[in-house]
Structures are given as structure tokens and as C-alpha cells.
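*Asks:* Add 80 to the 1-based position in the sequence shown for this note's numbering, that's all there is to it.
Don't read these hints as lab results, they were simulated from the structure. Where hints are given, some of them may not hold.
Stated by the list, open to error - Distance condition first, Cα-Cα at most 16 Å in a straight line; then the derived EDC-like pairs of lysine to aspartate or glutamate:
{"hint": "1", "residue 1": "K415", "residue 2": "D171"}
{"hint": "2", "residue 1": "K157", "residue 2": "D466"}
{"hint": "3", "residue 1": "K415", "residue 2": "D466"}
{"hint": "4", "residue 1": "K265", "residue 2": "D119"}
{"hint": "5", "residue 1": "K415", "residue 2": "E228"}
{"hint": "6", "residue 1": "K350", "residue 2": "D377"}
{"hint": "7", "residue 1": "K375", "residue 2": "D444"}
{"hint": "8", "residue 1": "K375", "residue 2": "D467"}
{"hint": "9", "residue 1": "K157", "residue 2": "D444"}
{"hint": "10", "residue 1": "K409", "residue 2": "E445"}
{"hint": "11", "residue 1": "K99", "residue 2": "E109"}
{"hint": "12", "residue 1": "K415", "residue 2": "D404"}
{"hint": "13", "residue 1": "K350", "residue 2": "D466"}
{"hint": "14", "residue 1": "K265", "residue 2": "E276"}
{"hint": "15", "residue 1": "K415", "residue 2": "D402"}
{"hint": "16", "residue 1": "K409", "residue 2": "E380"}
{"hint": "17", "residue 1": "K157", "residue 2": "D467"}
{"hint": "18", "residue 1": "K265", "residue 2": "E282"}
{"hint": "19", "residue 1": "K375", "residue 2": "D404"}
{"hint": "20", "residue 1": "K415", "residue 2": "E380"}
{"hint": "21", "residue 1": "K415", "residue 2": "D444"}
{"hint": "22", "residue 1": "K350", "residue 2": "E380"}
{"hint": "23", "residue 1": "K415", "residue 2": "D377"}
{"hint": "24", "residue 1": "K415", "residue 2": "E445"}
{"hint": "25", "residue 1": "K375", "residue 2": "E445"}
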Amino acid sequence: MAHYRQIGPVPQQRHTLFKDEDGSILSEELMGEEGFSSDSSLLYHRHIPSAIVGAREWVLPDQSLVANQPLLPRHLKLHDLFTDEEAAATDAVTGRRLVLGNGDVRISYAVVGATSPLYKNAIGDECVYVERGSALVETQFGALEAAEGDYVIIPRATIHRWVLREGETARLYVIEANSHIAPPKRYLSRYGQFLEHSPYCERDLHGPTEPLLRQESDVDVYIKHRGRGEGGIAGTVHTVPDHPFDVVGWDGCLYPYTFNIRDYMPITGKVHQPPPVHQVFEGNNFVICNFLPRKVDYHELAVPVPYYHSNVDSDEIMFYVDGDYEARKGSGIGKGSISIHPGGHNHGPQPGAVEAALGVEYFDETAVMVDTFRPLDLGPAARATDDGKYASSWSGGRWLGGRTDA
Numbered sequence: 081m082a083h084y085r086q087i088g089p090v091p092q093q094r095h096t097l098f099k100d101e102d103g104s105i106l107s108e109e110l111m112g113e114e115g116f117s118s119d120s121s122l123l124y125h126r127h128i129p130s131a132i133v134g135a136r137e138w139v140l141p142d143q144s145l146v147a148n149q150p151l152l153p154r155h156l157k158l159h160d161l162f163t164d165e166e167a168a169a170t171d172a173v174t175g176r177r178l179v180l181g182n183g184d185v186r187i188s189y190a191v192v193g194a195t196s197p198l199y200k201n202a203i204g205d206e207c208v209y210v211e212r213g214s215a216l217v218e219t220q221f222g223a224l225e226a227a228e229g230d231y232v233i234i235p236r237a238t239i240h241r242w243v244l245r246e247g248e249t250a251r252l253y254v255i256e257a258n259s260h261i262a263p264p265k266r267y268l269s270r271y272g273q274f275l276e277h278s279p280y281c282e283r284d285l286h287g288p289t290e291p292l293l294r295q296e297s298d299v300d301v302y303i304k305h306r307g308r309g310e311g312g313i314a315g316t317v318h319t320v321p322d323h324p325f326d327v328v329g330w331d332g333c334l335y336p337y338t339f340n341i342r343d344y345m346p347i348t349g350k351v352h353q354p355p356p357v358h359q360v361f362e363g364n365n366f367v368i369c370n371f372l373p374r375k376v377d378y379h380e381l382a383v384p385v386p387y388y389h390s391n392v393d394s395d396e397i398m399f400y401v402d403g404d405y406e407a408r409k410g411s412g413i414g415k416g417s418i419s420i421h422p423g424g425h426n427h428g429p430q431p432g433a434v435e436a437a438l439g440v441e442y443f444d445e446t447a448v449m450v451d452t453f454r455p456l457d458l459g460p461a462a463r464a465t466d467d468g469k470y471a472s473s474w475s476g477g478r479w480l481g482g483r484t485d486a
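Turn these sequences into a full structure, and let the hints guide you.
*Replies:* Written out as C-alpha cells, the structure is:
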């Protein structure tokens with residue numbers, strides 16, 4: 081995110097000697113992307129950030145994936161994944177359940193009521209959407225308040241934890257990239273400023289405001305990294321001699337931040353607008369879009385719901401958060417549902433949705449969509465929550481045979 085910030089003290093010149101108030105030399109760390117060739121920040125630590133005093137394997141939650149075969153559109157009910165009792169003991173790192181994945185992105189879900197361990201994703205950036213509830217996200221850059229409707233963007237290798245304070249719970253929709261996640265390039269000038277046609281701007285991004293300092297010895301950090309585990313992913317726990325939240329100051333253009341979905345300004349038109357106008361972020365081989373309450377098409381013959389379309393190049397994954405999604409009425413989809421419309425299946429409104437939408441001037445709906453340009457496989461959470469009948473919803477439930485279960 082090319083938007084400069086400085087938090088806490090930093091030296092006048094980079095890569096020069098810098099001391100703490102007591103005269104101790106601080107350790108300068110460059111956290112940067114693309115091998116010193118893209119966004120970065122400089123962090124100033126009280127201790128040596130590379131120090132390790134122990135290591136052990138972290139056995140990750142089930143990362144198994146199976147193909148969507150036979151190829152079918154599917155409806156997943158994520159709210160069936162966790163009971164209230166399970167959620168109370170679940171944290172946002174070790175408790176997330178894998179829903180979908182491929183070589184570019186993994187989508188998980190968690191309902192959490194416990195504070196997570198310190199965690200570093202060493203594979204790619206994370207975009208965590210807070211469906212419900214709230215939490216405090218503590219990072220080596222400082223703390224972020226994560227409220228309902230927030231996207232929390234956490235750059236690769238950022239050490240952080242999700243703190244659930246007394247009485248707090250949160251429903252989290254987790255998008256893990258094997259790359260970086262950023263605003264779409266078409267929203268930005270060549271120097272990185274948001275342009276006038278962008279549906280949000282720098283004012284809507286909220287980063288840390290002050291250093292977060294902790295003193296503690298022999299601290300565990302859970303690391304997700306490349307390896308020979310399921311899907312090429314492995315886990316390790318490093319024990320570090322000093323708490324990694326020892327950064328007295330930092331500056332640069334790479335840091336975690338939040339963006340609330342309610343600050344996104346929907347783009348509408350005289351006739352139905354295609355999904356790219358709803359895009360909010362992008363990663364390598366995938367995009368993230370959001371659909372919000374908005375006035376809809378105003379042509380006198382407008383059909384406000386989407387036209388039928390073939391996903392020639394992508395799988396379309398829609399997470400339904402709030403409201404009454406007009407195009408899916410009659411399908412069983414509701415809050416907490418995911419629809420999977422895979423490449424190779426043309427899809428569109430359910431029977432009767434076009435007629436019901438005629439003359440409608442406003443849609444009350446909130447959804448987060450991920451479009452991928454490689455097929456997504458089904459994780460254990462998808463296999464556990466597939467309703468098994470969505471594929472027949474356009475044909476009035478008529479089904480002539482064949483598997484619909486994963």
C-alpha cells in the first residue's frame with residue numbers, strides 16, 4: 081500500500097545508527113516486498129528480530145482439498161460449522177476451517193471467542209473480513225481495532241495476534257493469498273494515489289497510530305510457511321527470546337490496516353453494471369469484490385438482477401453477509417451462505433427473480449465475492465456444509481441422478 085506513514089521515532093537518515101532513550105543500539109529491520117523492489121517499511125527493534133531459542137512442528141488444521149467433481153454449483157452453510165460451545169474456545173489462527181483453495185488463494189472461516197497465539201503467515205498477505213463482532217488485532221506495527229464490516233489487511237510476515245476481550249466474539253471470513261493483496265491498480269495513479277473514480281480513498285484506510293511495546297521472554301510464534309505438507313503448506317512454532325512487539329518506531333508504505341465495507345461507495349448505472357465495478361482488492365490470479373446496499377439501474381426497461389453469464393475464466397465465490405439477495409431468492413441461500421459458481425457453468429438469477437426485481441429501485445444486500453482465475457477445490461469445511469441440492473435450484477428441484485455431495 082503506497083501511502084507513507086511514520087509511527088514513533090525513527091532516525092533522520094535510514095540505515096544509520098539509532099539508539100533508544102537509554103543509549104542502547106536499536107536493530108533496524110527492512111520488511112519489504114518483491115526482493116527490495118516494491119513497498120517496504122523500516123522497523124526499529126529493541127532486540128535482534130532474528131533470534132530463535134527453540135522450534136517445533138505446528139500441525140495445521142486439516143488442509144485437504146478435493147476437486148469439485150462432478151463440476152457443480154454449490155451452496156455452503158458456513159454458520160453450521162461451529163456451535164456456541166466450540167466458538168468460545170476457538171481462536172482466529174489455530175481454529176480457522178479451510179473452505180476452498182487452490183495454488184493462489186485459500187478461503188477459511190472461523191467463529192472465535194478466544195485470543196490467538198502470535199502468528200506469522202510467511203506465504204502471503206491475509207485479508208480477513210469481520211462478518212460479525214469485534215476484536216483487537218495486535219501487530220509489531222501497533223494495534224488495530226477490528227469492527228464488524230472491517231477488512232483487515234495483514235501483509236505477509238507480519239507478526240500479529242487476534243485478541244478477544246471479555247464478552248467479545250467474532251465471525252471471520254479469511255482470505256489467504258500466496259501473493260500480496262492490494263487495491264486494484266486501475267484505482268491508483270502511477271505514483272500510488274487513489275484516483276477520483278475510485279470507490280474509496282486514503283481517508284478510509286486506518287493503520288496503527290502508536291507503537292505497541294511488550295516485554296516478555298521465550299515467546300512462541302506460530303508460522304505458516306511453504307513446505308511439503310498438504311497443499312505445499314507447513315507449520316512451525318518458533319520460540320523467540322524476547323517478545324516481537326518491541327518496535328519503538330517505524331516508517332514506510334507497508335503495514336497492516338483496516339477498511340470498513342460501509343465506506344465503499346457503490347458504482348451504479350442506467351443498466352446493470354458488471355462485477356468489476358464492485359472490486360475492492362486484488363491478488364495474484366484473484367480479485368475481491370463487495371456488493372452493498374445501493375440504488376439500482378434506472379433505465380425504464382432495466383432488469384436490476386444480473387443477466388445469465390458464463391464463468392469462462394473464473395470460479396465465482398459469493399459470501400452472503402446481510403440483507404436479501406435478490407438474484408438468489410428461492411434457492412435457500414441466506415446470511416452465512418456461500419455460493420460456488422465454477423468456471424464452466426453459466427449461472428444467473430433463480431427462477432422468478434427477474435420478474436420480482438422489475439421496478440425495484442434499491443437493493444438491500446451485503447456480500448463479499450472472490451473470483452479466482454484457477455479452479456478452486458473443496459476443503460473440509462465445504463464438504464461438511466454443502467446443502468447437496470443447490471445445483472437443481474434453477475430446474476425447480478428436478479434432478480436425474482449423479483453425485484451432488486463432495
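*Asks:* Compare the structure with each hint and give your call.
*Replies:* Verification of the hints:
1. K415 - D171: violated (22 Å)
2. K157 - D466: holds (7 Å)
3. K415 - D466: holds (15 Å)
4. K265 - D119: Distance of about 14 Å is within 16 Å: holds.
5. K415 - E228: Between K415 and E228 the Cα gap is close to 15 Å, so the pair holds against 16 Å.
6. K350 - D377: The hint holds at about 5 Å.
7. K375 - D444: Given pair K375, D444 holds - Cα atoms ~9 Å apart, limit 16 Å.
8. K375 - D467: violated (32 Å)
9. K157 - D444: violated (21 Å)
10. K409 - E445: holds (12 Å)
11. K99 - E109: holds (14 Å)
12. K415 - D404: holds (8 Å)
13. K350 - D466: violated (36 Å)
14. K265 - E276: Given pair K265, E276 holds - Cα atoms ~13 Å apart, limit 16 Å.
15. K415 - D402: Distance of about 6 Å is within 16 Å: holds.
16. K409 - E380: violated (23 Å)
17. K157 - D467: holds (7 Å)
18. K265 - E282: holds (14 Å)
19. K375 - D404: holds (14 Å)
20. K415 - E380: violated (31 Å)
21. K415 - D444: holds (13 Å)
22. K350 - E380: Holds. K350 to E380 sits at ~9 Å (cutoff 16 Å).
23. K415 - D377: Since the Cα atoms of K415 and D377 sit roughly 24 Å apart, the hinted pair is violated (cutoff 16 Å).
24. K415 - E445: Cα-Cα ~10 Å, so holds.
25. K375 - E445: holds (11 Å)
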